[in-house]
Amino acid sequence: MMEHPSALDKFEEMMSIAKGRKIVIFLDYDGTLSDIVPNPEEAFMTEKMRMVLGEVASRFPTAIISGRKRERVQDFVQLKNVYYAGSHGLDIEAPLDSTNLNEMDTKVVLYQPAKEFLPEKRKVLNLLSERTKCIKGVNIEDNKFCISVHYRHVHTKDLGTLENVISVILKEYQNFRVSTGKKVFEIRPDIVWNKGHALEYFLENLGFGNSDDVLPIYIGDDRTDEDAFKVLRKRGQGFSIVVSATPKDTNALYSLREPKEVMEFLLGIVINLEQ
Numbered sequence: 001m002m003e004h005p006s007a008l009d010k011f012e013e014m015m016s017i018a019k020g021r022k023i024v025i026f027l028d029y030d031g032t033l034s035d036i037v038p039n040p041e042e043a044f045m046t047e048k049m050r051m052v053l054g055e056v057a058s059r060f061p062t063a064i065i066s067g068r069k070r071e072r073v074q075d076f077v078q079l080k081n082v083y084y085a086g087s088h089g090l091d092i093e094a095p096l097d098s099t100n101l102n103e104m105d106t107k108v109v110l111y112q113p114a115k116e117f118l119p120e121k122r123k124v125l126n127l128l129s130e131r132t133k134c135i136k137g138v139n140i141e142d143n144k145f146c147i148s149v150h151y152r153h154v155h156t157k158d159l160g161t162l163e164n165v166i167s168v169i170l171k172e173y174q175n176f177r178v179s180t181g182k183k184v185f186e187i188r189p190d191i192v193w194n195k196g197h198a199l200e201y202f203l204e205n206l207g208f209g210n211s212d213d214v215l216p217i218y219i220g221d222d223r224t225d226e227d228a229f230k231v232l233r234k235r236g237q238g239f240s241i242v243v244s245a246t247p248k249d250t251n252a253l254y255s256l257r258e259p260k261e262v263m264e265f266l267l268g269i270v271i272n273l274e275q
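Residue numbers 1 to 275, in our numbering, belong to the letters of the sequence shown in order.
Possibly wrong hints are sitting among the right ones.
[As the list claims (entries may be wrong)] Computed list of lysine-lysine pairs in DSBU-like fashion (alpha-carbon distance at most 35 Å, straight line):
1) K260 with K234
2) K260 with K48
3) K182 with K115
4) K80 with K230
5) K183 with K230
6) K171 with K230
7) K182 with K69
8) K171 with K157
9) K157 with K182
10) K182 with K171
11) K144 with K10
12) K123 with K144
13) K230 with K133
14) K22 with K230
15) K171 with K80
16) K80 with K69
17) K144 with K171
18) K22 with K48
19) K123 with K171
20) K69 with K133
21) K69 with K48
22) K123 with K48
By construction, these hints were calculated from the structure, which means they are not laboratory data.
Quantities reported herein were computed from a predicted structural model and do not represent experimental measurements.
All chains should be modelled from the sequences, with the hints used to inform the complete structure.
So, in structure tokens, the structure goes:
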């Protein structure tokens, strides 16, 4: 990855830039904290990754922004000192000076910009479930405000049929749009909100919205993470890191090859802080 140097190779240089700044960590889940697996329900993170993530979160504000249902990511991660955003940032649990308390007795707010679309989303979900019954290998995941249609186990000859089913349904429900990820179609409300907006929302609620000395670090592997990478480029702040074993077209500045390298990088930040 000549265009996007390894964050491990550039670690000392990055930490030199970070010195004296307020670090905030943002992470995707699948493919970043856990390996991509055939069955999405088995995308467990390792105990070592959980331990390292917990150490990071005890030192820096840390948020996970995932396409999954927020509660599902919380089940996977099992850490109370992490903030969570599900549905590609459409379901956010963020810190705020409010009367809402989470399990840490930390003041939080739930921000759900697509809440009004829930009734329609349920109808889309029901239609998808009904009309894809005849397509072997389809796995439909209800992510609260979004729907993930996994086709990793769908035969190539059936992909056209699946795409047509989705297209026909969305012609009827035009408040929704579809995008593609890693062997998945992502259906979500057609509003101007993505992981980049979620990142900005977190920074604002953490008190870093207009801060010159904040250093956001965003690590992700999916196309949907590109919106967050773009935000950091526009702000001219922080480090954007793409997780990919092969070179790819990305707005990220650095790269890591796999979740093991993500863990090594995060552990390095903790150790660097203690020196």
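Now for the hints, and whether the structure bears them out:
| no. | hint | result |
| --- | --- | --- |
| 1 | K260 with K234 | holds, 29 Å |
| 2 | K260 with K48 | holds, 10 Å |
| 3 | K182 with K115 | holds, 26 Å |
| 4 | K80 with K230 | holds, 29 Å |
| 5 | K183 with K230 | holds, 23 Å |
| 6 | K171 with K230 | holds, 30 Å |
| 7 | K182 with K69 | holds, 17 Å |
| 8 | K171 with K157 | holds, 23 Å |
| 9 | K157 with K182 | holds, 18 Å |
| 10 | K182 with K171 | holds, 24 Å |
| 11 | K144 with K10 | violated, 38 Å |
| 12 | K123 with K144 | holds, 12 Å |
| 13 | K230 with K133 | violated, 38 Å |
| 14 | K22 with K230 | holds, 20 Å |
| 15 | K171 with K80 | violated, 41 Å |
| 16 | K80 with K69 | holds, 17 Å |
| 17 | K144 with K171 | holds, 21 Å |
| 18 | K22 with K48 | holds, 25 Å |
| 19 | K123 with K171 | holds, 13 Å |
| 20 | K69 with K133 | holds, 23 Å |
| 21 | K69 with K48 | holds, 23 Å |
| 22 | K123 with K48 | violated, 40 Å |
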